[in-house]
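Q: Which chain is which? The protein sequence lines are A and B, in order. Under the working numbering, the residue at position 27 of the first sequence is numbered 34, and the numbers go up by one with no gaps. Under the working numbering, the residue at position 182 of the second sequence is numbered 329, and the numbers go up by one with no gaps.
Source of the hints: derived by calculation from the structure; they are not laboratory data. Be a bit skeptical, because a hint or two may be false.
[As the list claims (entries may be wrong)] The calculated DSS-like cross-link candidates involving lysine-lysine, where the alpha carbons are at most 25 Å apart (straight line), are:
hint, chain 1, residue 1, chain 2, residue 2
1, B, Lys433, B, Lys339
2, B, Lys369, B, Lys412
3, B, Lys412, A, Lys88
4, A, Lys88, B, Lys369
5, B, Lys433, B, Lys303
6, B, Lys203, B, Lys262
7, B, Lys262, B, Lys248
8, A, Lys88, B, Lys433
9, B, Lys303, B, Lys255
These numbers were taken from a predicted model, which means no experiment stands behind them.
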Amino acid sequence: MSSYHLNRLLFDLKMSDQIFQQALANLDGVMNRYDLTPEEKEALKAGDPRRLRQLGAHGMLALYVMRLNPDFRANVYWTQK
Amino acid sequence: MPLVSALAASHAPNILLEPGAEWDEFMALHYRMAPHAAASKPSLEAQQKLRRDAEKAYRALRADLEAARPDALIVVANDQFVNFFFNNIPTFFVTLADEVKGQFTRHKFHYRNDKELGRAILRAGLEAGIDFSYGEYIELQHTQVVPLYFLLPQPKIPILPIYVNTWVDPIPTPRRCYQVGELIRKVANGWKERVAILATGGLSHFPGSPRIGEIDTQFDHKLLEIMREGRGRSLADYSLEQLLQAGDSEFLNWMVVLGTVGDAKAASTFYMPDHVATGWGFVSWKISS
């Protein structure tokens with residue numbers, strides 16, 4: 008099955024500050040706009056990039072779920088798009 | 148005017164990060180993807196030495212670039228989901244913007260883009276059977292700005308970003324990338340100004356993969372030896388699988404530059420594995436017309 012929608016959400020988290028802020032406030036609400044499986048939603052809520060990759064997310068995009076983690080929110084890597 | 152300078156250099160983000168806190172943040176992200184890689188985490192002293200060694204390599208490349216007095220610098224790199232997503236992944240892309248910008252950490256970058264040279268490459272490609280994609284807007288990311296910080300810190304000349312798909316399967320073959328380089332050399336040799344070319348990326352690393360932290364130094368040393376011997380053409384015979392197995396997918400960017408230098412021997416090579424994720428490699432070719 009295509010992981011397009013999972014990757015799309017992760018890409019939007021990376022590229023759109025608006026989506027990122029919305030996800031911080033209400034991740035369920037953002038996830039419901041994408042065609043995701045229950046497993047994908049669970050991995051996103053867990054903030055687990057390794058699990059996301061196993062589910063078909065590209066590794067370079069799976070990393071961006073870490074932006075939702077308070078410990079990684081100000082990481083220097085996010086200073087670029 | 149001929150092609151006047153050819154360079155290749157790693158673009159690993161930590162080359163431009165400050166040893167210590169910034170490296171630690173960067174490594175923490177890596178280790179979330181591949182916890183086993185933390186076992187080889189470099190000390191602060193090792194990070195500082197790597198930075199010094201990289202600066203030394205970049206100084207040598209910059210001296211060669213400046214001595215060649217180019218009027219434009221083609222930058223062959225890969226995207227990493229900044230400009231392209233799964234709705235449209237170009238295999239080869241030429242930038243036709245008026246200007247290009249980007250940011251990484253506290254550093255901001257802003258260059259004129261040589262779209263006239265870009266159009267010439269596009270047209271030559273169409274005539275030769277290489278159909279590039281193109282577009283009028285891109286954002287620079289670490290894949291370009293890390294080497295540019297060291298090699299072209301002041302935007303004295305325009306650049307021309309060209310993208311190679313090295314990051315989303317299916318990716319082009321080494322031979323096709325070499326052919327793209329041959330085409331660029333042909334255009335550059337007939338161009339009205341002096342053209343330099345820089346490939347970025349590599350060497351061995353596994354970005355976004357469970358193999359993060361593995362660095363195939365043996366394979367990298369072999370690539371560098373082949374380049375020193377002027378046998379870059381032979382690398383077009385390598386299979387994609389050979390490169391991928393060694394974590395050298397971004398070497399496809401280098402294959403484009405190898406196509407521009409033909410049988411020229413690499414004049415300078417530098418190599419240092421960073422003990423985090425990447426074998427840092429730096430090469431300069433002296434071009435004779």
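Q: Each hint needs a verdict: does it hold in this structure or not?
A: Hints versus structure:
no.: 1; hint: Lys433/B - Lys339/B; result: 20 Å, holds
no.: 2; hint: Lys369/B - Lys412/B; result: 14 Å, holds
no.: 3; hint: Lys412/B - Lys88/A; result: 36 Å, violated
no.: 4; hint: Lys88/A - Lys369/B; result: 34 Å, violated
no.: 5; hint: Lys433/B - Lys303/B; result: 21 Å, holds
no.: 6; hint: Lys203/B - Lys262/B; result: 32 Å, violated
no.: 7; hint: Lys262/B - Lys248/B; result: 15 Å, holds
no.: 8; hint: Lys88/A - Lys433/B; result: 34 Å, violated
no.: 9; hint: Lys303/B - Lys255/B; result: 15 Å, holds
Hint violations for this structure: numbers 3, 4, 6, 8, all remaining hints satisfied.
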